[in-house]
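A.B. asks: Sequence:
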Amino acid sequence: MRIEPNDADMKLCIIMVGLPARGKSFISHQLDRYLNWIGLPCKVFNVGKYRRVNYGTEECGHNFFDFTNPLNLAHREELAQLALSDTVDWLKSFEGKVGIFDATNVTYIRRKNIYENLTKNNITTFFVESICDDNEILNNTIETIKAYSPDYIGVEKEKAKKDFIERIRLYQNAYISINEQQNESHYSYIKIYNAGLKFEINRPRDYLQHRIIQLLMNQHIKSKTIYLSRRGESKLNEKGTNDVDSCLSKQDLEFAKNLIDF
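Numbered by full-length UniProt numbering, the letters in the sequence shown go through residues 1 to 262 in order.
Honestly, the hints are just simulated from the structure, not real lab data. Predicted model, so just to flag it, every value in this text is computed and none were measured. One or more hints might be untrue.
Below 35 angstroms or equal to it, Euclidean Cα-Cα: the simulated DSBU-like pairs (lysine-lysine) are [what the hints assert, rightly or not]: (1) LYS157 x LYS92; (2) LYS162 x LYS120; (3) LYS49 x LYS157; (4) LYS11 x LYS161; (5) LYS120 x LYS49; (6) LYS162 x LYS49; (7) LYS112 x LYS161; (8) LYS157 x LYS120; (9) LYS120 x LYS161; (10) LYS11 x LYS191; (11) LYS112 x LYS191; (12) LYS250 x LYS112; (13) LYS43 x LYS161; (14) LYS11 x LYS157; (15) LYS191 x LYS43; (16) LYS191 x LYS250; (17) LYS191 x LYS120; (18) LYS161 x LYS198; (19) LYS159 x LYS120; (20) LYS49 x LYS257; (21) LYS11 x LYS92; (22) LYS198 x LYS250; (23) LYS92 x LYS162; (24) LYS92 x LYS159; (25) LYS157 x LYS198; (26) LYS92 x LYS120; (27) LYS92 x LYS161; (28) LYS257 x LYS191; (29) LYS162 x LYS112; (30) LYS112 x LYS49; (31) LYS159 x LYS49; (32) LYS250 x LYS49; (33) LYS92 x LYS112; (34) LYS43 x LYS198.
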C-alpha cells in the first residue's frame, strides 16, 4: 500500500501531546515504521534524547521537570527548540517528508509556538494527544518504564518508580489538554483516550492525516501474547504420507478441542 500522488510533495509534522507514561513514544515509533513502510520517509525527534545528550541522567531527576523552577523550565524549552529546529531542517531537506516531534507539549503556549514555527516554514501540523486515567494501563506502563527507560539505567527499581511518579505529578500541575481551556479548534488533532477506548478527531485536512487516524484507531498499545500452533495431524500422516486435504486424526481432533479451551 503506497502513498497517494497528491501527498508526494507534502511536508507534515506530527506533534505528540500528553503526560509521561501515556505511550507517546510507543505511538511515535509505530507511526514511524508505518509511514516509512508506505513510502514516506519519516523520522522521530525525541526531546528526551536531547536532554540525555546535553544533561545526562544524573542531573535530570524529577526536579528538572518542575514548571515553577525558571532555570529548569528554560533548559527544557531550549532542548525543545533544538529538537524542533532539527525537525524543521529534516522536513525542509529533499529527503524528509514526515517528522514526529515526540515530547510532552502539555502547555498551550508550547503548542502555539510549535504551530507558528512550523506554519511559518510551510509545514503542515497534526497533533496526537494520548490521554489515560486507567490505573491498570498506567501501572503497567510505569513498571515498563522503570525497567527499560534510559533515564533509569542502573537506578534501583523502587527509586526509579518513585522519581517517575513525581515527574508525572509535576507535569500534571501544568497540563492543559488541547482545546480545553484555550481555543485550539483550528488545529488538526486526534485525542486517544485510554489506549483506544475513545477518540476525538478535529479537522483532519488531507488523505495522509486520514491514513494516520486510521492507523491510530486500530493500533494496540497494550502488550498481547500471540500463540502459534502447527497444523493438526491428519489420518494420512498416521500412515506416513502427506495430504493437506485429509481429515484430522482422532488424536488431533482431541488436540483441537483442547486448543480452543486453552
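A.B. asks: All hints, please: hold or fail.
C.D. replies: Hint-by-hint comparison with the structure:
| no. | hint | in the structure |
| --- | --- | --- |
| 1 | LYS157 x LYS92 | 42 angstroms, violated |
| 2 | LYS162 x LYS120 | 41 angstroms, violated |
| 3 | LYS49 x LYS157 | 21 angstroms, holds |
| 4 | LYS11 x LYS161 | 38 angstroms, violated |
| 5 | LYS120 x LYS49 | 26 angstroms, holds |
| 6 | LYS162 x LYS49 | 21 angstroms, holds |
| 7 | LYS112 x LYS161 | 32 angstroms, holds |
| 8 | LYS157 x LYS120 | 44 angstroms, violated |
| 9 | LYS120 x LYS161 | 40 angstroms, violated |
| 10 | LYS11 x LYS191 | 22 angstroms, holds |
| 11 | LYS112 x LYS191 | 17 angstroms, holds |
| 12 | LYS250 x LYS112 | 67 angstroms, violated |
| 13 | LYS43 x LYS161 | 29 angstroms, holds |
| 14 | LYS11 x LYS157 | 41 angstroms, violated |
| 15 | LYS191 x LYS43 | 22 angstroms, holds |
| 16 | LYS191 x LYS250 | 52 angstroms, violated |
| 17 | LYS191 x LYS120 | 25 angstroms, holds |
| 18 | LYS161 x LYS198 | 28 angstroms, holds |
| 19 | LYS159 x LYS120 | 43 angstroms, violated |
| 20 | LYS49 x LYS257 | 50 angstroms, violated |
| 21 | LYS11 x LYS92 | 8 angstroms, holds |
| 22 | LYS198 x LYS250 | 46 angstroms, violated |
| 23 | LYS92 x LYS162 | 41 angstroms, violated |
| 24 | LYS92 x LYS159 | 42 angstroms, violated |
| 25 | LYS157 x LYS198 | 32 angstroms, holds |
| 26 | LYS92 x LYS120 | 12 angstroms, holds |
| 27 | LYS92 x LYS161 | 40 angstroms, violated |
| 28 | LYS257 x LYS191 | 42 angstroms, violated |
| 29 | LYS162 x LYS112 | 32 angstroms, holds |
| 30 | LYS112 x LYS49 | 23 angstroms, holds |
| 31 | LYS159 x LYS49 | 21 angstroms, holds |
| 32 | LYS250 x LYS49 | 58 angstroms, violated |
| 33 | LYS92 x LYS112 | 20 angstroms, holds |
| 34 | LYS43 x LYS198 | 27 angstroms, holds |
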